[in-house]
Each structure stands twice: as C-alpha cells, then as structure tokens.
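Visitor: Residue numbers (my numbering), protein chains in the order written: chain A, 522 to 694; chain B, 895 to 1066.
No lab work stands behind these hints: they were computed from the structure. Be aware that a few hints might be false.
To be verified - Restricting the straight-line Cα-Cα distance to at most 27 Å, the calculated cross-link-like pairs of lysine-lysine (DSS-like) are: (1) K1051(B) with K576(A); (2) K1018(B) with K595(A); (3) K576(A) with K991(B); (4) K897(B) with K664(A); (5) K897(B) with K576(A).
Claimed, not checked - Beyond 12 Å from chain B on every Cβ pair, some chain A residues (computed): (6) Y637; (7) T666; (8) K686.
Glycine is no exception: its CB is placed at the ideal position from the N, C-alpha and C atoms.
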Amino acid sequence: MMKIQPFKHMASLVLFCILTAWSGLSLASIDVYEFEDESKRAEFVSLTKELRCPKCQNQDIADSNAPIAADMRKEVHRLLEEGHDHNSIVNHMIERFGDFVTYKPKVSAETIMLWYGPWLFVVIGLVIIGTMIRINKSSRQEKATKTDSNKELSHSEDVKRILAKYDERDSKP
Amino acid sequence: MYKWIPLIIAIGLALVLYTAIGKDPTKLETARLNDPVPEFNLATLEGDEQRVTQEQLKGKPMLLNVWATWCPSCRVEHDYLLQLAKAGVPIVGLNYKDERPAALEWLVRLGNPYELNIFDPQGKLGFDLGVYGAPETYLIDKKGYVRFRHVGVVDTKVWAETLEPLYLKLSE
Chain A
522 MMKIQPFKHM ASLVLFCILT AWSGLSLASI DVYEFEDESK RAEFVSLTKE LRCPKCQNQD
582 IADSNAPIAA DMRKEVHRLL EEGHDHNSIV NHMIERFGDF VTYKPKVSAE TIMLWYGPWL
642 FVVIGLVIIG TMIRINKSSR QEKATKTDSN KELSHSEDVK RILAKYDERD SKP
Chain B
895 MYKWIPLIIA IGLALVLYTA IGKDPTKLET ARLNDPVPEF NLATLEGDEQ RVTQEQLKGK
955 PMLLNVWATW CPSCRVEHDY LLQLAKAGVP IVGLNYKDER PAALEWLVRL GNPYELNIFD
1015 PQGKLGFDLG VYGAPETYLI DKKGYVRFRH VGVVDTKVWA ETLEPLYLKL SE
C-alpha cells in the first residue's frame, strides 16, 4: 500500500499539469480557411492577432467568438486572397472601425504618447537620478571642505596658542 | 525646490487620469464620421427586385437605423422610433444580418417606422459602415454624409439631448 502512494501523487500531479497547460489553449476560432500558399496563412495569423475585436474590450479577432470578429476574419481572408498586403488590410479595418481595431496604432498626435510616453518617462527618471546624484555629491563635497577648513582653523589656532605660550615663557625674565 | 517634484508629478498624473473618469470604454469613435455613406447595392426588405443604393439616402437629413429581430435592444427602441416617424422624422432601416420572414413579421406585428428598409443579411453595408453592435443609429445629412452615430437604444433622452439638436441643424 505504502509503495503505491507516491505513484498516485505523481499521476495526479501529471494530470494537473496537463490540464493546466491545456486550459490556456485558445479554441475560440473554429472556422477553417483555405489559403493559396503558406505565406498567406502566416499573414492571416499575424493579422488576426494584430486586429482587435471592436465589440470586445481586449481580445484580438483570432481569439474572439463575437460575430463581428468572425466577420472581420472572413474579410481578412477575402482581402488576402485578393492580394492585398498587410498595411492595406489594416487600413481597410481602421477606415471602418477606427484606430481602436489595431493593437499597433499609427503614430499620430493622438497616439504619440502611447509610442513615446514610456521613453519620456525613462528620460525623466534618468534626469531625476542624475540630479539627485549631483546634489548628493556637491553637498558631500561641501561638508568635506567645511570640516577640512575647520580642522585647518583649529590647527592654526592651536599653533597660535602654543606659540603664544612660548612667547609668554620667553618673555618672562 | 526639488522636494516638490513628486507632488507636481502626482498632480499632473491625477489631472491626466481624471479626464478619463466616466468615459465609457465600450463606445468607439465613429470612423465614418463626416464621410459619405459607403457605396452599396442591396435589396429592400420587401423583395430582391427592388434595389437600394447610397443615392436613395440623399436629398434630406434622415436617420439610418441598424436593427434586427435577434437584437433585444432593438425591440426596446422600436416604440420610440414609431413615435419619431409619426412626428415626421424620416427613418431608413438597415436590417442587419437578419432573416427576411422574421423581419417582415416583426414590422407587421409591431408597426413600421421606416420609409425604406435595406436588407443586409450578410452584414456587408453594416461592415462598411463600421457597425459593431445593433442597434446603431446614424444621422445622415442631405448630401448623404454621416454626421453622427449613436450606439445603443434611442429614447426620449438620447433624442432630445443629442440627435434632435443635430437633426434640426441639418434640416435648416
């Protein structure tokens, strides 16, 4: 009995792993499309991942079950078979549904922050870090020179005091 | 001086984020706004012999209402559309991805607010217009240009607050 126990655990673990991995698979689009050649199939896959379903908040059209996503897949297939290229198909969709439908919006006044915002924040961060380092350095230097001059001062005062003492002694008859 | 920087950043960020509060993320821009209605050649709901093209949507400002019998919200706004039609607002229907007998039966049973019904079972014109969910109501000017789109139910409030002012302006 005791010997079987670890095997049992192992089996359930394997089952768990398989089921977990399987649950991530997307089985949404079941419609089948025929293509003239493999490059068009690859283009279809990349387009349906780049185009966003207008009815869903955050799903590409490859992943969505919404009727409008099915229509868009059909349209992408039709346009590909007609010989349209990637950009013209994306533009075809934007013309109808707006910039929302692409996960890679064109650079424009409205989307410029999406494209370059992160870089802007990196630059701001670097400037802040640089400024902080500079402030830190200069204040430390200031402190250092201050203590140095203090030392010098006290040193010279010591010397003065000692000399004065000697002077005093010497001047005594 | 430098100790104010985080506060300034926080206030800036708050202002940016504040502008997005209350925005409905399911409402999309109208890509066809201020464009002519796309070219089409479709049958009327009544029969295949009669064809409709974009030319029939010119001449006066009108509403283009996208509807279907499978769409529950379309049932909700139907009675209000009847009222609008009675008041003299021209409404053209775009029967979207529907079945002809069901649609005709619906109009007989509930009343017909439409001057004309375009039958679009494949959703072709719907797709070219950028329809992503019925009901949608477009305001078309007399030259056949899309001047506004409302997604969702048209009711007293929507008509009074958004559609009517625009409609009256286009009717001048």
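Visitor: Determine for every hint whether it applies to the structure shown.
Guide: Going through the hints against the structure:
{"no.": "1", "hint": "K1051(B) with K576(A)", "verdict": "24 Å, holds"}
{"no.": "2", "hint": "K1018(B) with K595(A)", "verdict": "11 Å, holds"}
{"no.": "3", "hint": "K576(A) with K991(B)", "verdict": "16 Å, holds"}
{"no.": "4", "hint": "K897(B) with K664(A)", "verdict": "21 Å, holds"}
{"no.": "5", "hint": "K897(B) with K576(A)", "verdict": "46 Å, violated"}
{"no.": "6", "hint": "Y637", "verdict": "15 Å, holds"}
{"no.": "7", "hint": "T666", "verdict": "22 Å, holds"}
{"no.": "8", "hint": "K686", "verdict": "50 Å, holds"}
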